[in-house]
Each structure stands twice: as structure tokens, then as C-alpha cells.
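Number of protein chains: 2
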Amino acid sequence: MTKELDEIKEQLEKHFEEGTGLNDLSPADLAEHLKVLKRHDEDEYANYLEKLDSQSLGEVAIEMPDHMLKDLIQNVPNDKIAKAIEELESDDATDLLQYIEDIDEDKAKELFCSLELDSQKEISKLINYAENEAGAYMQTELFSAKLDEKLSSVISRFRVMKKLGEIENIFQLFVVDKNGILCYAIPLEDLIVYDFDLNLENIVKDGGVEKYKPHAATDTDDISEVATMVKDFDLSAIAVVNKAGVLLGRITTDDIHDFLEESATEQIYNLAGVDDEAEEEDTLFKAGRARAVWLFINLITALISASIIGLFDKTIEAYVALAILMPIVASMGGNTGTQALAVTVRKLATHEIDFSDVKRVIFKEVSIAFINGLIFATLMGIIAYIWFGVSLLGVVIAISMVINLFCAGFFGTLIPLVLKKFSIDPAVGSSVLLTTVTDTVGFFSFLGLAKWILL
Amino acid sequence: MTKELDEIKEQLEKHFEEGTGLNDLSPADLAEHLKVLKRHDEDEYANYLEKLDSQSLGEVAIEMPDHMLKDLIQNVPNDKIAKAIEELESDDATDLLQYIEDIDEDKAKELFCSLELDSQKEISKLINYAENEAGAYMQTELFSAKLDEKLSSVISRFRVMKKLGEIENIFQLFVVDKNGILCYAIPLEDLIVYDFDLNLENIVKDGGVEKYKPHAATDTDDISEVATMVKDFDLSAIAVVNKAGVLLGRITTDDIHDFLEESATEQIYNLAGVDDEAEEEDTLFKAGRARAVWLFINLITALISASIIGLFDKTIEAYVALAILMPIVASMGGNTGTQALAVTVRKLATHEIDFSDVKRVIFKEVSIAFINGLIFATLMGIIAYIWFGVSLLGVVIAISMVINLFCAGFFGTLIPLVLKKFSIDPAVGSSVLLTTVTDTVGFFSFLGLAKWILL
Chain X
1 MTKELDEIKE QLEKHFEEGT GLNDLSPADL AEHLKVLKRH DEDEYANYLE
51 KLDSQSLGEV AIEMPDHMLK DLIQNVPNDK IAKAIEELES DDATDLLQYI
101 EDIDEDKAKE LFCSLELDSQ KEISKLINYA ENEAGAYMQT ELFSAKLDEK
151 LSSVISRFRV MKKLGEIENI FQLFVVDKNG ILCYAIPLED LIVYDFDLNL
201 ENIVKDGGVE KYKPHAATDT DDISEVATMV KDFDLSAIAV VNKAGVLLGR
251 ITTDDIHDFL EESATEQIYN LAGVDDEAEE EDTLFKAGRA RAVWLFINLI
301 TALISASIIG LFDKTIEAYV ALAILMPIVA SMGGNTGTQA LAVTVRKLAT
351 HEIDFSDVKR VIFKEVSIAF INGLIFATLM GIIAYIWFGV SLLGVVIAIS
401 MVINLFCAGF FGTLIPLVLK KFSIDPAVGS SVLLTTVTDT VGFFSFLGLA
451 KWILL
Chain C
1 MTKELDEIKE QLEKHFEEGT GLNDLSPADL AEHLKVLKRH DEDEYANYLE
51 KLDSQSLGEV AIEMPDHMLK DLIQNVPNDK IAKAIEELES DDATDLLQYI
101 EDIDEDKAKE LFCSLELDSQ KEISKLINYA ENEAGAYMQT ELFSAKLDEK
151 LSSVISRFRV MKKLGEIENI FQLFVVDKNG ILCYAIPLED LIVYDFDLNL
201 ENIVKDGGVE KYKPHAATDT DDISEVATMV KDFDLSAIAV VNKAGVLLGR
251 ITTDDIHDFL EESATEQIYN LAGVDDEAEE EDTLFKAGRA RAVWLFINLI
301 TALISASIIG LFDKTIEAYV ALAILMPIVA SMGGNTGTQA LAVTVRKLAT
351 HEIDFSDVKR VIFKEVSIAF INGLIFATLM GIIAYIWFGV SLLGVVIAIS
401 MVINLFCAGF FGTLIPLVLK KFSIDPAVGS SVLLTTVTDT VGFFSFLGLA
451 KWILL
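Read top to bottom, the protein sequences are chains X and C.
Quick note on the UniProt record's numbering: the first sequence kicks off at 1 and runs consecutively.
Quick note on the UniProt record's numbering: the second sequence kicks off at 1 and runs consecutively.
If we strip away everything but chain X, and leave its shape as in the complex, we get:
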């Protein structure tokens, strides 16, 4: 541990000495290092926190788990935090203020009031978007011009804005009409090769009107659709407009990255009955409690399956082999269903399938499950016969496996589709629902058939 601490201190020293460059630490690294420091050496932690300039402070604060952010807003003076918020791009500033609001509403209000009027306006606009809307991921800082402007005057304006630190990470110039409606997007790589005496209209004509037609998202679009668009068209940034086509802001690829990674984590966690937000906290309690909720739901479904078994207690007493074999039927069903479920959840998330494909998707999944059901039913029928020497037992387990794997394929596909149809995240709770089906059908078909055929 001391070795790790020393290493961290050394890295932090280097970072603060050398500034940006090959050896520097990302905001995420800084937050991580500060987290470890805080655990072991509060003084050193406070010392390095002090060293962060307002730019870095904001970027690091966004990456902090709640308990560290809470500590930060209690110990760092308001004016320094306000300055840090100002330095962030508008989307990040809004996020940070929202995180602070979740912890301490009054503090967030205080901070908001101490911001410049412009920032207040921007944040007020952005804060109203729902979590999954494109607007929530958009930054209002962008570089735009009118069609009749001369390139040289556009560049002069750009130079001033850059000097003032108003914009950064600019890849294209958005061209708007007099009503602010987005008309074109011209990449900087195209602008830089033109004669600066030309006006934008000439440039658009020369390059070809089609070429500069912009890809744009509407502010209320679902961010997952925007991410798909950015990915499919290999965009470096995408314009965001309102329903009337007025340019409001832009979404940069770093936000798309964050979205892709976070939503994949969310899917994997939700499929496993884990809450992604609770896991981010550093405390065991929140994560443990969120997991306990899913375990509780699972306990209830397990009790339902158990009560199905309970219906057949006399059958099991007569044939104890049934107790030995029944978990196999349930387990194979669960696995087959999970395969169909994972594929459906993921393809829905990446927009590879939608409701127009429902029949084809269900047909495909059920076919695979049914064919594998036939194969493994035959195999397991033979094994059961050899193991217990009762041919009818082999028949019973084979039939029940075909039934259960067929249902597994069907419900593994249907459950996420239905959840999606009701606008519920298809990854949430679908595993538990599916297991309930495969366990219930598995135990009921196996024990029911056994009672009917064997006794």
C-alpha cells in the first residue's frame, strides 16, 4: 500500500511540475489518485486538491464519486468552485451542477447564483432536458457564421473567441441563415485551404452544396439514436437543432464515447441485477443494497419455482432420480434463454433490430433454441436412460427439455421486446423474468410428465 501511495504521489508531483504532455494524468486518473490519497492521507489529499487550477478542478470534480464531491463542496471556497464551473464546457458545467444539486440543493443554488449571467442562461436551458435526450449531451459553445460572411472576418472572430477561451475542440464551422437555422457544416480542414478573401457562399458552392449538408440531431432525439448516427457516419461532432431547425449546440465525440461506455456498462450490470449508479459509489452500502433488491426479487421467483416442485412431492418420493435430474432441465433452459436474451437486448441497444423485425427475430431465436433443444434432449434422454436404467425416464426428460428450451428461446426474445415496447429498459429485470419462466416451465413439464408417464 505504501508503495502504491508513493507511486501515486510521484505521479501527481510529475503532473503538476510538467503540466500537460505525454506524462500527464487525465481528469479520471487525477480523481482516482485523489480518492486513494484521501483514504490514506487526508493532509496530502487536501494539499493536492489545493494545487488544482480552476480548469482541472471542474474536470476532476465531474469524475469524483459522490462522497468525494460532497467533501469537496464543503472544503473548497464557493468562488473557486464557481470559477471551476465557468471554465467547463456548458454540458459538463450543467452535469457538475446537477451532481452538486443531488448532494446539497442549497449549495447548488448558491453556486448557480454566483455564476456569470451568460453561464446561468446556458445552464438553465440545458438542465431542462431529460437524461436520455440529445440536449442533455449538448454543449452550447460552437463556431457559427452567416452565409454571406467573408472567411477572413470569420477567422478573425474565431481568433478572438479562442483567445478568450470561449470555444475549444472545434472541428467545423456551422453556417446558419438569418433566423439561426442550420444550413451547412464546413470542416476546418476545408476552410483552411481556401483563400480567406472568399465569402462562405463561394466556398459552399465550390465544395458542392451536397458535401456540406450537415448531419444534425434534434435536441429531443434519443441519445442512443444520435450515437448510432455519429458512429454510422463517422462524425467528429454533430450539430443539435430544435424542431424548427435552429442551431442550438453540438455534441462532440467525447460525449458519445462516454455514452457508449456508460450504456454498455448499464446493460451488462442490469442483465446481472446490478445497479450501475449505486456501484459508482465508493461505499459498500449503496451497492450492496441495490444488489439486495434484485436478490430479493430472485428469492421470490425461486420460491415460486420451489412451490411448483412442491406440487410433485409424492412423485419425487417415488422416484428420487427426478430430484437429481430436474436441475439439469432448468439449467439448460436458463442458459438457452439467456443466449437469446443477451442477443436481443444488445441488438435493441445498438439499433440493429427494431419492431419491424420482431417476427424475423423471434423466428430466428426460437429456431436456434428449438434445434439445440432437440439435440440436447436426445443426448440427455440417452444419458438419463443409461444412468438410471429407466427408458421412460429418458423420454420424460427429453420431452421436457424440448418444451423448456423452446419456451426459453421464445421468452428470451419476447421479454426484452415487450419491455422495450413499454419503454422500459430491456436489460432491467429481464434476466429474473426469464429465469422464472425457464425454472417454472422446466420443473413443471419435467415433474408433470414424470407423474403422468412414470407413475
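To be clear, the hints were calculated from the coordinates, so they are not data collected in a lab.
Accuracy of the hints is not assured; some may be wrong.
You can't tell identical chains apart in this list, so a pair holds if it fits in one copy or across any two.
Calculated cross-link-like contacts (lysine-lysine; reagent style DSS-like; alpha-carbon spacing at most 30 Å) [stated by the list, open to error]:
{"hint": "1", "residue 1": "Lys211", "residue 2": "Lys14"}
{"hint": "2", "residue 1": "Lys125", "residue 2": "Lys347"}
{"hint": "3", "residue 1": "Lys162", "residue 2": "Lys451"}
{"hint": "4", "residue 1": "Lys359", "residue 2": "Lys109"}
{"hint": "5", "residue 1": "Lys121", "residue 2": "Lys205"}
{"hint": "6", "residue 1": "Lys359", "residue 2": "Lys35"}
Since the structure of chain X is already known, use the hints to place chain C on it.
This is chain C only, laid out in the frame that chain X set:
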């Protein structure tokens, strides 16, 4: 179906009439539409395939599943395919040639030989990288200059390269020394505001040497680490250098997007026992076969658990309640383990944890599992007592649940860490291994304790 077909034809018509712009289709959309067309109307399909220019043909071909690509290389003349490969960026050209090689080695050789010498050289370099190396994701097309060049001459060169279509999606100029070693990366947004009579050295000095120090990946770096770097530093593109620091190429964010999405899909699929590459095919057979392999492995582990139950057949005959309750112990263990497993697999993939954190991660996961184990063991003990009226049965199930959930947390964390240590994808097979542990421990502890305490 006809309605869907008509819609697709209409969209394709629009695309080919209007060219790029708001209504256009991405290469992925085009491939998807062509796939549906091919299924229902071979003539129309051939007709639209014909209409693709060589630029689009290459981009669409990359998105095609194997059987369509196979059809394409059989029906489209070699020179048109070769031209399509030439038009792609070097990383995509290499990928496409590799896909073709997987289908028809001779055809790939023919195509390779008909490429221009420059393209041949570039592809030969890129094709040698392993799938997970940064080099495999890199394109060799980039914009670089020497430190003593005048900005105006750099821009003139850039203008010519753009006219020739040699480079696109350029966001920064890489500055190299006389040995080709990467020194600086200057964003276009900075270049465009400088006086073109300055030379690059002045610009770097004016902007600040620290500011232009480039982030770079080594060509043999693992792509997942590069993706984390791009994400953490919000980069729009990252330079790739060799071990000596010589600039080789760059990786753009679209490749990082693809990587993030593909690796998330791979993790979700692998956790569920699904092979991501087999699923991409349009045929049921390959996907079904790959899934059958995992079901077979699961059958073997289920047989192992069943044979554990078989050891206690006399105990179950004496107490049929055991058969009713035993799946609950196994199911709760499986779920608890899956929670720990999903969190560990995902955090390893996103580099949130590494081997230096092993103790802390295991401690956290085991603690959560153990505490939840205590809670649900108590609850289930009471339920079992009320259900069957045997207090010792409640004690037995409670103890076995604590044991099983503790093991579930421990092995759910340990299994992916060990797989990773041996350089095996932590998502592959870990679910099956885990279920084997939780089923075996669950059945053995529950039935063993029952035999010991109840009989």
C-alpha cells in the same frame, strides 16, 4: 413485407438521387437494406449494387455479413473491387482485404496484386498487426510536417493532398523531426488563426510547447488501453508511433467508437455463452452451433451438480422438502455470483481496476455477498421453518446459503481476475465456471448439512 420492401426501395432511390446530406443512408444502412433486398428480390439487389460508386462500394462491403461479401466478390468485376479498396482509408482497406481472404484466399491475392504499389505497401504493413494491437486500428493517411516549415507551404501541400483525395477527416497537423520522430500535434483550429507566413517553430513557441505535446500510442499497445486514453483525454484522434517514437499513423474516433461498441457486445455475448462473430452471420447454423458448444459445456457442469445431488439420494427420499428447497440455494448463489462477476468483468474491460487492486476488489465483493448472504439466509431460514415446520431445516438452509453466497462473491470476483491473469478474455466461460461452483457448493453444503443435522 412488401410494404417494408417498398420503403427500402424508396429510401435507396432517394439516396442515389440526392447523394449525401440529411436524407442519406450510412454504409451500415445501405448494407442492411441490400441484405433485405437480396433476400426478396435478387434482380433489384443486383441493380442497386451496380449503382454504388467505388467509394461507397468499399464502405458498404465492410459492413456486409460473410455470405453477402462472398456473393459480391463473385459477381462484381475485380477491377471495381480493387478500386473500391483503393478508395478506402488504409485501415479499412486492410480490414476488407482480410475479410475477403477469410472467404477466398486466391481472390484476395489477385485483388492485392491489382492494387497500386503504395496501397500494397501500406496494407502489407498493417496486416501484420495482431487483432488487439493499436496498429491494426491505425490508418497511415495523415498530415505531417517538419518543425522548420512555413505554415503557408504546409497548407499548400495540404491543399494538394486533399485535392488528390489522399487524406480526409484531418483534425491536427503532426510535427516530426528529421528522423520522423513525432514532436508535436497542432490542432487545425489553432493553425487556422495564425499568420500563414510564420513557420511551425514560431507557432509552437507562441502556443506553448506543453500545449502541443502530443498524446500518442505505440503501435503494439493494446487497443483497449488506447481507447481508454482517447476517452480520458477527450481526443479527436491519436497519433500512433513505433517504439522509437517514429510517427506511423493515427487512430480516429470512429475506430474507437467501433471498438467500444464491438467490445461491449463481445462482453455481453460472452457472459451469456454467445459467440459475437458467429452471430453476425445471417445463417442460423453458425450462430446455433456456437451456442450449442456453450450449452454442451453447461450440460456437463449440470451433470456434475446432478451427481452431487445423487450422492444424497437417500437423504432426499427421507426428506422430500430438501428437493423442493435445494434449487433456491443454488439460484441465490448463482445470482450473487453473477453480480460480482459482471462488475469485475466490466471494470477490468474499462481499466477501472487492475491487478494492484485485487485485494480491495475481492474484499469489497466478498463483503457485499457475505452481508447479503446473512440477510437472505435469515429470511430463507424463517420461510423454510414456517413452510415445513421443521426448525432444523431452517438452520440447514440458512447455513448453506451463507456458505454458498460467500463462495459466490469470492469466485465471481476471482474467476475473471484469474482468466485475465492468464490472458484469457475474462468474459469467456466465466459464467459457466461460476455456475459450476455455486451449484456444486449450494447442493453439497445444503444436502450435506441436512444429512448431518437432520438425519
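Item to check | Within, between, both or neither: Lys211, Lys14 at alpha-carbon 30 Å | outcome: Answer is between: at 16 Å across copies they meet the 30 Å cutoff, but 46 Å inside does not.
Item to check | Identical-chain pair category, Lys121 with Lys205, by Cα at 30 Å | outcome: So Lys121 and Lys205 fail the 30 Å test inside a copy (36 Å) and across (37 Å) alike.
Item to check | Up to 30 Å CA-CA - Lys35 versus Lys359, copy category | outcome: For Lys359 and Lys35, only the inter-copy Cα distance (17 Å) is at most 30 Å; the intra-copy one is 50 Å.
Checklist entry - Is it within, between, both, or neither for Lys162 and Lys451, if the alpha carbons may be no more than 30 Å apart? => result Neither. Shortest intra-copy (80 Å) and inter-copy (77 Å) distances fail the 30 Å Cα cut-off.
Next on the checklist: Reference check for the pair Lys359 and Lys109, CA-CA at most 30 Å: within, between, both, or neither?
Outcome noted: neither (51 Å within a copy, 41 Å between copies)
Item to check | 30 Å Cα threshold - placement of Lys347 relative to Lys125 | outcome: Classified as neither: same-chain Cα gap 33 Å, cross-chain 34 Å, threshold 30 Å.
Against the hints set out earlier in the document, violations occur for numbers 2, 3, 4 and 5.
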